[in-house]
Amino acid sequence: MRLFKRLSVLWLLLALGSPNLMAADIKPDVLVKNTVDKIMHAIETDMDISAGDMAKSIEFVEAQVAPHFDFSRMARLAVGRPWRQATPEQRDVIIHEFRLLLIRSYASAFTRFKGIKIEILPLRPSENPDWALVESVIKLPTAVAQPISLNYDMELIDGKWKVFDLQIDGASLIINNRNIFQREIQSSGIDGLIY
1 MRLFKRLSVL WLLLALGSPN LMAADIKPDV LVKNTVDKIM HAIETDMDIS AGDMAKSIEF
61 VEAQVAPHFD FSRMARLAVG RPWRQATPEQ RDVIIHEFRL LLIRSYASAF TRFKGIKIEI
121 LPLRPSENPD WALVESVIKL PTAVAQPISL NYDMELIDGK WKVFDLQIDG ASLIINNRNI
181 FQREIQSSGI DGLIY
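If you use our numbering, the sequence shown corresponds to residues 1 to 195, in order.
Where hints are given, some of them may not hold.
What follows is a set of in silico ranges between Cβ atoms, one per label pair, in the way DEER data are often shown [as the list claims (entries may be wrong)]:
| id | residue 1 | residue 2 | range |
| --- | --- | --- | --- |
| 1 | S108 | I175 | 18 to 26 Å |
| 2 | K139 | L100 | 12 to 20 Å |
| 3 | K139 | S108 | 27 to 35 Å |
| 4 | K27 | S72 | 21 to 29 Å |
No wet-lab data here; the hints were simulated from the structure.
Note that the Cβ used here is the ideal one computed from N, Cα and C, for glycine as well.
Use the sequences and the hints to build the structure in full.
Right under this line is the structure:
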């Protein structure tokens with residue numbers, strides 16, 4: 001009986017101290033809200049970021065946003081079927097370049113974020129506990145502008161929630177990029193996409 005209690009206490013301590021298990025305890029909608037709050041705070045308080053300093057914005061995105069994205073999966077999904085024909089080296093380059101594209105795009109949009117409000121909607125239950133759709137609404141500062149829906153497809157990977165697609169007003173980032181990539185691959189092959 002004593003051994004069982006000791007093992008139970010040891011297991012509890014390991015579970016409480018494990019970053020992966022603790023990360024899984026953060027619900028995906030809470031993770032998105034916390035990240036959005038950090039972004040909005042930086043835009044409001046960091047003069048360099050709000051003035052459009054790309055280097056500072058990229059540094060912020062690298063530190064606060066990028067860790068929550070599965071760039072490997074996003075690149076693979078965006079390339080689609082031709083991914084299977086790509087060499088490991090080509091895949092590495094595609095992932096790297098796709099990651100840079102998204103980070104730069106996100107960082108360059110910071111100056112347009114001024115005055116917007118982002119509401120994270122309540123998380124709907126999912127049949128798959130390792131997948132979630134986090135829905136949000138972006139409210140623009142002008143009264144006549146229609147709200148924009150921004151949804152995050154997320155998957156639990158190694159105890160951490162990661163974004164693998166974004167949908168802006170129903171348009172998937174992955175599918176939009178796949179359409180662009182397919183045209184390039186059809187005309188110039190995988191190397192045409194890379195170079």
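Here's how the hints hold up against the structure:
| no. | hint | in the structure |
| --- | --- | --- |
| 1 | S108 - I175: 18 to 26 Å | 22 Å, holds |
| 2 | K139 - L100: 12 to 20 Å | 30 Å, violated |
| 3 | K139 - S108: 27 to 35 Å | 21 Å, violated |
| 4 | K27 - S72: 21 to 29 Å | 23 Å, holds |
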